[in-house]
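With the hints as constraints, model all of the structure from the sequences given.
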Amino acid sequence: MNAPVKSGAFRVEALLPGPPADAIIRFEGVGKTYPSRDSQEPVTALAGIDLVVPRGSIVGVIGRSGAGKSTLIRLVNGLERATSGRILIEGEDVTNLTEAGWRERRRATGMIFQHFNLLSSRTVFDNVALPLEIAGVPKAKIEAQVSRLLALVGLADKRERYPAELSGGQKQRVGIARALATEPKVLLCDEATSALDPETTRAILALLKQVNRELGITILLITHEIPVIKEICDRVAVIEGGNIVEEGETFEVMTRPRHPTTASFVEAVTGVEVPDYLAGRIHQQALAGDSAVLRIAFTGENATTPVISRLSAVIGVDVNILAGRIDAIGEKPFGSLLVSVPASEPELAAVFGALKSLDLKAELVGHVS
Amino acid sequence: MSPELIRLIVEATGDTLLMVAIAAGLGTALGLPLGVFLATSKKGELFAAPAVNAVLGALVNATRSTPFIILVVAIIPFTRLIAGTSIGTFAATVPLTVAATPFIARLIEGAIREVDQGLVEAARSMGATPLQIVRKVLVPEALPAIVLGLTLALVSLLGFSAMVGAVGGGGLGDLGIRYGYQRFMPDVMAIVVAVLIVLVQTVQSVGDRLSRRLNKRLRHA
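Heads up: the sequence lines are chains A and B, in that order. The numbering of the first sequence is our numbering, which starts it at -1 and goes up by one. The numbering of the second sequence is our numbering, which starts it at 2 and goes up by one.
Bear in mind the hints are in silico, worked out from the structure with no lab data behind them. On a predicted model such as this, the values are computed, not experimentally measured, just so you know. Hints may be right or wrong, so weigh each one.
Straight-line alpha carbon distances no greater than 16 angstroms define the calculated EDC-like cross-link-like pairs of lysine to aspartate or glutamate that follow [unchecked claim]:
id, chain 1, residue 1, chain 2, residue 2
1, B, K217, A, E158
2, A, K359, A, E250
3, A, K183, A, E88
4, B, K44, A, D36
5, A, K139, A, E181
6, B, K217, A, D124
7, A, K183, A, E90
8, A, K330, A, E212
9, A, K183, A, E212
10, B, K217, A, D36
11, A, K139, A, D124
12, A, K207, A, E329
Each pair of labels, with its calculated beta carbon distance range [said to hold, decoys possible]:
id, chain 1, residue 1, chain 2, residue 2, range
13, B, L219, A, I306, 52 to 62 angstroms
14, B, T86, A, R35, 46 to 56 angstroms
15, A, A193, B, L219, 15 to 25 angstroms
Backbone N, C-alpha and C define an ideal beta-carbon position, used for all residues, glycine too.
Shown next as structure tokens:
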């Protein structure tokens, strides 16, 4: 027997195209304007945000500082209030919740922070216990729950330590354990890895992914670092000037960025720059005996095809690799290569034709003698 | 030195300690909530009440800007109302408390304001009520600074207490003025000064040590 469908709205949404209908968080035209201070103009932090966070997913919001992402994430637990639009959490309109109503809701939403925000006066154990104390959980249950969480984040041996005795990565693990203490359905990550080195960042992201997959906790994170998005996000929204300028599945957005802001973010991790030794020698006008320098983009399936050897076979020229970066987004390979091909203008057409037949995107960077 | 003088010095030390202890105790009991309120009631803060904050702040400033000896005399009617009399060691604890309370309140306000706002935000994100934030976050996190502030207040109170001889309060200051100065007994003056120095040193080093023990930020891995 199928379970009865509880909500009529659910079915309607199921028929709509786009992201999965089971949204745990839904922003509908949400705006946030801060009133003017002194004689200054009111500041619009967010202008008409539409965003859906599917249940069980990891959604990343990326933007530069001042783009409005901090405000956006704080709307989800009522630390900031929207000035227009609606926010639905598990179908409930929370836009006009009272402070007391929000307090109740916040206990079902965990949050971690860039600077960890651990209490220096409390041990690791007592920091993780704090949200449970606040919720009035009995001592014995706190003990069991905190022990379990410290084991989960790999800090069981640090329970009596103080935050000042921990490394940054360990502090964030305490932050994660603390955020999970009340068994929330949603975890909000506010630049959670921005104060960590790359290696620690990877370890924390792996932990977040584990939390998402094993505990089924939906994660909404904000960041200015594209590697964070690439590493763990199922979906990404790019925010700029208080607007979401692009949104979609991470792989789609990253491989086919439509907005210049997205493109510049993506460029930083997957772009291949012309090496310095070559840059000075590249010219736009082809001369006899020149080689053409091409940038070839790989996405998805074709990133695994033996492109270079096929290219050589199809057009019968040697392909020289100058630089390249192949990476993976989710589990799909993605990247670009910079190659030189001994070809003058007429032969180039054949090369592009061959690349097109292999379903690869290529652009001509210039010619080099 | 005569046994009579020794008795006087011991008695005066006891009076000073008693006055300072009562004033510091009451001053903390009143100053702590006042300080917490001052630190959390400006616009947009936990217990936002900007008008009340402004009035209390002005009151605190007024008390603090009145020289202690003037305050003692100026509030004699109030002292009489509370203590039944305006003369003597017990009565002298009233102006001492009145002076200590706003002083302690400002010190506690300063200590609380030093607490990282990120911690308040974290506590809010857990669903903490404003009172829980005060009890579980602000006061424990500010405690090392509060202890240092109270130490400073105790030292100041030792100084203030020397002035209450003017209204018949006892204590070391009174002894020093009446015997050491007015009766030309420099040895008494020397002893009074020495006892005060020992008291201040003791209070300061105990306070410093306690604050350091409470401060978990200084530990390193």
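_Hint numbers not upheld by this structure, sorted from lowest to highest_ = 8, 10
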